[in-house]
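Peer 1: Using the supplied hints, reconstruct the complex from the two chains, each of which is provided in its own coordinate frame.
Residue numbers (the numbering used here), protein chains in the order written: chain G, 1 to 114; chain Z, 115 to 229.
These are computed hints drawn from the structure, not numbers from a lab. Keep in mind that the hints are not guaranteed to be accurate.
According to the in silico footprint, chain G covers these stretches of chain Z (three or more CB under 8 Å from chain G) [stated by the list, open to error]: (1) 155–162; (2) 176–190; (3) 201–209.
Each pair of labels, with its calculated beta carbon distance range [as the list claims (entries may be wrong)]: (4) Z:154 / G:2: 14 to 24 Å; (5) G:72 / Z:126: 42 to 52 Å; (6) G:52 / Z:156: 21 to 31 Å; (7) G:9 / Z:221: 38 to 48 Å; (8) G:84 / Z:123: 16 to 26 Å; (9) G:52 / Z:183: 17 to 27 Å; (10) Z:184 / G:84: 25 to 35 Å; (11) G:97 / Z:142: 23 to 33 Å; (12) G:100 / Z:121: 21 to 31 Å; (13) Z:184 / G:18: 24 to 34 Å; (14) Z:176 / G:114: 40 to 50 Å.
In this text the structure is predicted, and so the values were computed from the model without any measurement. Even for Gly, the Cβ is constructed at its ideal location relative to N, Cα and C.
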Amino acid sequence: DTGVSQNPRHKITKRGQNVTFRCDPISEHNRLYWYRQTLGQGPEFLTYFQNEAQLEKSRLLSDRFSAERPKGSFSTLEIQRTEQGDSAMYLCASSLSAASYEQYFGPGTRLTVT
Amino acid sequence: AQSVTQLDSQVPVFEEAPVELRCNYSSSVSVYLFWYVQYPNQGLQLLLKYLSGSTLVKGINGFEAEFNKSQTSFHLRKPSVHISDTAEYFCAVSDLAGSARQLTFGSGTQLTVLP
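Bound-form chain Z, shown alone (with noise of 0.2 Å):
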């Protein structure tokens, strides 16, 4: 079984800042990892994903996340933040051992970008 804690629940930035929402895994088989935004009434949207090769992904809007096997942690960054990037970002697993490809969620992370 895996498990995905997302240490902050909330996240407030002023426009133009840096972020680091933080993920934490655990699994007792390897792992791919995910991070997914959810807006205000709507569904979730893929934002990067790690499966293999290189540690540091990018992704959609400029935000990126950095694999780290040791640390079992995919924390997501960007480096200036805006406005229109305040949402609720999930970070996910899916384990490689078994067939459903089922995704296992965090509690989110609500970031709130002030002007």
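In isolation and in its complexed conformation, chain G is listed as follows (with noise of 0.2 Å):
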């Protein structure tokens, strides 16, 4: 059990160019969450897969983000457009299973949108 692993841990982009963070989850977990966390605030829930379906996607925070998790293994969240409030920490995290409510986070993406 290697953990849920994020990259790039950082990235600095300029306004208006795309990102793309990626996200491995524990292998055996079906289960795939993204958060978002701006400073000073606790991560906000983004949407969740389980296995490659994306089962919520209404809290994703504009028409510029999606989400992805092709054939139920690692994910990417892509921000198209960037502006500089996209600037937070991204953090993803794995579950088990539907019936599991304990998740496990990876170290997070750092975006800094200058």
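Peer 2: Written as structure tokens, this is what we have:
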């Protein structure tokens, strides 16, 4: 069990550019979650997957945000036309199954939009 | 919908002293409760959870929490803190009604242990 990994750990981009983050969950976990954490706040839920199916995406912050989980393994979160307000830590978590309430978090990707 | 309030944004305490970090929640449905710890530049680590059963829950690193349904609280305690406990602590809830199991977090409490 190597834990949840996220890449890159840090990303600096200019306003208007697109960025993509990757999350690799714990290998046998079929649930995957994305959260956003801004400075001084707790993580905020964005979306989640059960295997390759995205079951909730209404909490994605705008239509510039999208997520995928092809083949039910790793996931990517893309932000198009980044804005300064997108600067935050993006956290990924995984859990064993739909019945599990325990989520395991990755170290996060810190995005800075200049 | 649920909400979580962590009443103290910062708690300084001397090493070996006891500490309590307060958490209150609001929900129209039953919830499960969690405390997570976040060290600098790291992800969140689960400290303890309350799902059912005894209202006093013991977790890792000597922490414990007590679920109080009437006061809708889930305060975190440790009888004697160490310098290494310095970190941000988050209280979170997950409602039993939905299938998403997503966590709703409080805004966090920065615990600073002073020598």
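Peer 1: Tell me the numbers of any earlier hints that the structure contravenes, in ascending order.
Peer 2: 2, 7, 9, 10, 13
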